[in-house]
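J.: Here is how the chains run, residue by residue.
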Amino acid sequence: MAVRRIELMLCTGTGCVAGGCFRLKKALEEEIARHGLQDEVSLVATGCNGFCGQGPLMVVMPEQIFYGWLKAEDIPFLVQEHFLKGRPVKKFMFVPPEKREPIPLLGDIPFFKKQMLLVLRNKGVIDPEKIGDYLAREGYAALEKVLASMSPEQVIEEITKSGLRGRGGAGFPTGAKWRVGRAEKRIPKYIVGNCDEGDPGAYMDRSLLESDPHSLIEGMTIAGYAIGASRGYVYVRTEYPLAIQRLQKAITQAREFGLVGERILGSNSSFDIEIREGSGAFVCGEETSLLNSIEGKNPEPRQRPPFPAQVGLWGYPTIINNVETLANVPVIINRGADWFSAIGTATSKGTKIFSLVGKINNTGLIEVPMGITLREIVYDIGGGIPDSRQFKAVQTGGPSGGCIPASHLDLPIDYESLRGVGSMMGSGGMIVMDEDTCMVDVSKFFVQFTNDESCGKCSVCRDGSDALLEVLTRICNGEGREGDVEFLEELGAAVKDASMCGLGQTLPNPVLSTLKYFRDEYIAHIKEKDCPAKACRALIKYYIDPDKCPGCMLCLKNCPAGAVQGQSKHIHVIDQAACTKCGECLEICPPKVSAVRKLSGREAMELRSLPAPVPVREWRARRAQESTTKAG
Amino acid sequence: MAKLTLDELRSKRAEAQKGLYLREGEFRGKVIVHMGTCGIAAGARPIVTKFLEMLEKSGRKDIMITTSGCAGLCSKEPMVTVEMLNSAPVKYVELTPEKAVRIFQEHILGGTAVATYALGMGSERGA
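If you read the protein sequences in the order shown, they are chains A and F. The first sequence runs 1 to 632 under our numbering. The second sequence runs 1001 to 1127 under our numbering.
Watch out, some of these pointers could steer you wrong.
[Claimed, not checked] Some chain F residues well away from chain A (every beta-carbon gap over 12 Å; in silico): (1) G1043; (2) K1076; (3) P1097.
[Unchecked claim] In silico contact screen, one side only, chain A against chain F (beta carbon under 8 Å); selected entries: (4) E7; (5) G86; (6) R87; (7) D133; (8) E144; (9) G258; (10) L265.
[To be verified] Restricting the straight-line Cα-Cα distance to at most 25 Å, the calculated cross-link-like pairs of lysine-lysine (DSS-like) are: (11) K249(A) x K1003(F); (12) K249(A) x K1012(F); (13) K1018(F) x K1030(F); (14) K130(A) x K1012(F); (15) K1018(F) x K145(A); (16) K130(A) x K1003(F); (17) K496(A) x K457(A); (18) K1018(F) x K249(A); (19) K85(A) x K1099(F); (20) K71(A) x K25(A); (21) K1076(F) x K85(A); (22) K145(A) x K1012(F); (23) K145(A) x K1003(F); (24) K85(A) x K1030(F); (25) K85(A) x K1061(F); (26) K90(A) x K1030(F); (27) K557(A) x K541(A); (28) K1061(F) x K130(A); (29) K91(A) x K71(A); (30) K130(A) x K1018(F); (31) K548(A) x K630(A).
Hint data in this document are derived by calculation from the structure and do not stem from the laboratory. Just so we're clear, the structure is a prediction, and the values are computed from it rather than from any experiment. We put the beta carbon where it would ideally sit given N, CA and C, even for glycine.
Just chain F, with the same shape it has in the complex (with noise of 0.2 Å):
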């Protein structure tokens, strides 16, 4: 490859940057998808994959997506928590990749939460 001058380094950084934000970042965000048996039998992988993609798209580095068990409450599966840094989380029942697509938007990027898919806000206390 060609010999960079210090501006193609620069861009060359940049590039280089997103790559790395799991490891570095400050997170704002986290999207915890629940993936018990219950959860991935309901489908909640395609609901992982939307997130994933969405992600990418909106180019932000500050939300982690991730995953955890069974939440209780199996019936309702696919379900998410959205924990915002500086307010409660909010757990979604029943999910689609539609209704990601708009949690994500409007909760996760523009600040509210989608009353209307949510199941409740807050989590059970701790022992």
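Chain A with its partners taken away, still in its complex shape (with noise of 0.2 Å):
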């Protein structure tokens, strides 16, 4: 292979392909071509970088200069800038929020500097479609040294001496998980990567498919010659398809280099490994009921015990990892349960995966040790909150998981603080929440998520769940009742309490975690009518100062409901009953003139606009009379 100066790292994950980076690519190759540079500069299209938020973006090696916002028609201007006369083009790098100067290299960026990259270690360095780049990062070196060098007993030891628990959000230890497997005798046994990803906002899984597929791949396949199994299945969403794509792609060339398939590398061990395509149902990122998908049954969980490692697939032994547990297994071979157990708190090891979104300036997705307190990731990784606006909660677990309000800023992240405050783990969805965010109304997003995710084998899961959101759209809707509260709680705690599987029995987490830290927010609704974030469309009402309004017709041009009444120079008026409380008014009037304002409680009950416009100069007339009678 020839030597080039200049490799650029394109990122096509599936935020920058939505962002149009196969464009950028396409310029890209031209531009190269144009300038006779495509001996010297090549084009990696690799995974998801992880900083969405910036996507269509690229990072330029060997500096690492990090490009942001890349549009095709910027490209040549680049290509000439930068590639041929070698001066990096300052305004397409990352300025923070609220700073003018660029950062211009990756590892300066505050985003990254504080990630700890152990299973997205390929991210943004290799083509995934090329199982070269993998091997030339110490790829299936974990695989060869087990297949050269340890018992299959040795491999559990080692995963359960590195303190591994499942990624998937119950966090149960790996290496026991295993022995249970590899104690079973009969044949056949399956492994399952477990990449049924439903939280709302969370990509984690997704992202490490698409950009490093060969570390599932050998993290299987170590697994299965860990516990005697012969065949694993992936478990994808079939709404991934690039993530579905580039794994079929890498099972292909693995099985070509005999690296999965009969007889691995000239050894007695067989394993292979099978995509199944899950059709979206939440459900099934429970294990049992996934394992009834994959059976073609309907995916409803089943009882345990016993348990999948005893009675999995088709009745017989299976393990059931995350995906992204699984891609921690080959880093734990190569560097040893030691160097992984030293990272992380005394109960949690190594690194997890979030995607950081929601009210956040910094979107995308990072991989931190486990022990980093939320403070960390939302202000110095995350940038904090845009607009200068009060952080408000994080949500973590999705709808299994709960709201940790700002006082909880400094816990140290693990599996037991997480639970200890009411949320978990979860697979790592993140959603950053501000002061315009309503906690009733969170809660009521996920129970209708989950009402409507809830298979409805149990009755307390599916009536359940239909009960707690009625309560919950009554509460946001302004006609809540006394005694809501308490309904909510004892409901949910019963819910908990009798569902079979793991999506009822975490279902009021939502609910019962908002309770705990905001419930004057809940009385607030229930009490006062009154929404403290403005949220609850029923509960507020937009208002027109008549002393700021200058009559410029802004507002009312652009109300969709046409429910503005005035002309120009006229002080206007919001037919309330026509408001369908879009807010638009509030976003298109002038900072400077700030006329509209959004009411909610007392303040909206008692609201006494004007009945009619009037001429602005009449009304600043009356104004001034009634100061000078008042003075006077």
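The two chains are supplied separately, each in an independent frame; assemble them into the complex guided by the hints.
T.: In structure tokens form, the structure reads like this:
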């Protein structure tokens, strides 16, 4: 392979694909060829870089210059300036929020600085469709080591010693699970990689498959060797087409090289992998429902025990691990259990991938050591809350998790600490909320989700989520009643206790945790008909302050409902009956005027706006007279 | 293709590692070819090609060939700056591909600057 002087690591994760990175790719190839640089500059299509908020993005090696928010029309200038003339282009570099000077190098950007990459060690560095790239980064070295020098028991011992726990949510020790699988004498045995990622806003597993599919294949193959399984399934959602395509390609390449299949690397072990696509039912992330789905049955949970490690797929021993758990395995084998267990907290070792989304400046995918604080994630990596708003809470664990308030920002994150504050690790969704987020509305959103996704097998989950949703909807609509809060708590506890699977057992968590930390918001909704965050439409009114309105017609022209009355130089009045409360008038009213206000509770109830528009001049005169009368 | 044995896997990996050095590199040296309009007009492109060719031949993975803008001494282009770890940068002027070969062999591989082609040692001070 010819030596090149520049390599362009163009992100082709799903986020950047949606942002048009393949158009960039074409433009880059054309421009590079136009300047005759094709032998000096090469282009590598990588998986998700992680800094999705800056996509479409590219990192220029070897210097590691980071360019974000690129457009195809920028490319001719960029290629000529940087790749031909050697002048990195400032205007495409990352500028931190509320700062002016760009940060040229990836390693200096705070978003990347505090991360620790074990599972995502290859993200943005390799082309996920080339097995050679993976091999060059110690790829399949762990498999090689295992086959050449370790017994299955030694592998399990190493994983146990490392302290690795399940990354899908519950945090069960991986080594212990494997030991049970190993002890089973019946064959065939199976390994299942769980990539049924359904939490709203979460995309850790998808990105892992898109950026480094071989690390999953290697981890699964080692698991197969340790347990004595001959076959593995990766259960992926059909709506992850790019992940499926890359994984399929990777499996084919690994099979051609003899890294999976019959007699791996000339040894006596055989293990092959197949993809099973799920149609996107949330309950399939629950392991026994997932097994039913693979078998072609209705995805409903099975009674446990017996656990899948004993009675799993088609009744045979089956180890189900989250794909992130499996992708940790090659790292542990290569670096050793002692090295791995030195990272993290007393009970939780290694790193965790989170998708950091919501009201946060730096949206993206991050991998951080266990024990990092929420504050470091939100403010250092995430760059804080946009528009200088106040942080309110962070939601972890998706629909099964809970909201953690600002008072716990310094909590070091691990499985136990999150559970201790009423949330959970979950698979790694992290949704940041600011002062404009209504916590009752949030819990309604999640219960709506789990209510839709409940398989219906247990009545307490099916009907319990119905009842929870009904009460929450009532509260948000301003029809909350005395006793609602107590009812939610009682029913929530019952649903937790009586549901058979994880979906039902955890679905009350968003309600219970917001009741714990934001109880006064529920009370305000019920008693004062007040939504403190001013988010619940039924409880708010938009109002134009006559003392500030210059009658400029901006809100009047932009109101999609035609609810703003008035004419030029007349004070505008909102017809409350016609108003749909979309907030367009508040958005459009210029900051120096800021005549539009959002009211809730008492203010909204007692609102007396002008009965009809009056000329601005007339209003001002009337006000002036009023004040002189008062003064006199 | 045929299935690999353990040994074949190892040699495949070693082969693949050659292609990735720009992405992981620990660099000991850096050759900066000045590619302002003046540099390009004076023939900087063949210099880049020559350095890349030499680098490939040498098999070294710790040398970075990069470009930058005009060095401010347009009459002496093509110019390069060679920066080796723990020693002062050296600017070479009025280069030809032949001179580039000597610089690569003596300075970059050998560790001794080619005094006859050098403009001087060090760089301008920053503001």
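J.: None of the hints should be skipped; say for each whether it holds.
T.: The hints, checked one at a time:
For G1043(F), the requirement that its beta carbon stay farther than 12 Å from each beta carbon of chain A is met, with the minimum near 14 Å. No beta-carbon of chain A comes within 12 Å of the beta-carbon of K1076(F); the shortest separation is about 17 Å. Residue placement check: P1097(F) keeps its beta carbon more than 12 Å from all beta carbons of chain A (closest about 15 Å). At about 5 Å, the closest approach between the beta carbon of E7(A) and any beta carbon in chain F falls short of 8 Å, and the interface hint on this residue holds.
The interface hint given for G86(A) is met, as the beta carbon of that residue sits about 3 Å from the closest beta carbon of chain F, less than 8 Å. Because the smallest distance between the Cβ of R87(A) and any Cβ of chain F comes to about 5 Å, under 8 Å, the interface hint for this residue holds. Taking 8 Å as the C-beta cut-off, the interface hint given for D133(A) holds, the closest approach to chain F being about 7 Å. Given the 8 Å rule on beta carbons, the hint for E144(A) holds: about 6 Å separates it from the nearest Cβ of chain F.
Because the beta carbon of G258(A) sits about 3 Å from the nearest beta carbon in chain F, less than 8 Å, this interface hint is met. Hint status for L265(A): holds, given a least beta-carbon distance of 5 Å to chain F, under 8 Å. Distance restraint check for K249(A) and K1003(F): the Cα-Cα separation of roughly 17 Å lies within the 25 Å cut-off, and the hinted pair is therefore satisfied. Note on K249(A) and K1012(F): the hinted pairing holds, with a Cα-Cα distance of about 19 Å set against a maximum of 25 Å.
Between K1018(F) and K1030(F) the CA atoms are separated by roughly 18 Å; this keeps the pair inside 25 Å, and the hint holds. For the suggested pair K130(A) and K1012(F), the alpha carbons sit about 13 Å apart, so the restraint of at most 25 Å is met. Between the alpha carbons of K1018(F) and K145(A) the distance comes to roughly 22 Å, so the proposed pair stays at or under 25 Å and holds. For the proposed pair K130(A) and K1003(F), the alpha carbon gap of about 17 Å is at most 25 Å, so the pair holds.
A C-alpha spacing of about 15 Å is found between K496(A) and K457(A), which places the hinted pair at or below 25 Å, so the restraint holds. For the given pair, K1018(F) sits about 23 Å from K249(A) by alpha-carbon distance, which is consistent with the 25 Å threshold. Restraint check for K85(A) and K1099(F): satisfied, since their Cα atoms lie roughly 21 Å apart, inside the 25 Å limit. This hinted pair checks out: K71(A) and K25(A) have alpha carbons roughly 10 Å apart, not beyond 25 Å.
Taking the CA atoms of K1076(F) and K85(A), the gap is about 17 Å. The hint holds against a cut of 25 Å. Of the pairs offered as hints, the one joining K145(A) and K1012(F) holds, with about 16 Å between alpha carbons and a cut-off of 25 Å not exceeded. As the CA atoms of K145(A) and K1003(F) are separated by approximately 18 Å, the hinted pair is consistent with the 25 Å bound. For a cut-off of 25 Å, the pair hint linking K85(A) to K1030(F) stands: about 16 Å separates their Cα positions.
Between the alpha carbons of K85(A) and K1061(F) the distance comes to roughly 23 Å, so the proposed pair stays at or under 25 Å and holds. This hinted pair checks out: K90(A) and K1030(F) have alpha carbons roughly 22 Å apart, not beyond 25 Å. Proposed proximity of K557(A) and K541(A) is supported: the alpha carbons are some 19 Å apart, at most 25 Å. A distance of roughly 21 Å separates the Cα atoms of K1061(F) and K130(A); the hinted pair therefore holds under the 25 Å criterion.
Between the alpha carbons of K91(A) and K71(A) the distance comes to roughly 12 Å, so the proposed pair stays at or under 25 Å and holds. Of the pairs offered as hints, the one joining K130(A) and K1018(F) holds, with about 14 Å between alpha carbons and a cut-off of 25 Å not exceeded. Between K548(A) and K630(A), the direct Cα distance comes to roughly 21 Å. Compliance with the 25 Å bound is thereby established for this hinted pair.
Of the numbered hints stated above, none is contradicted by the structure.
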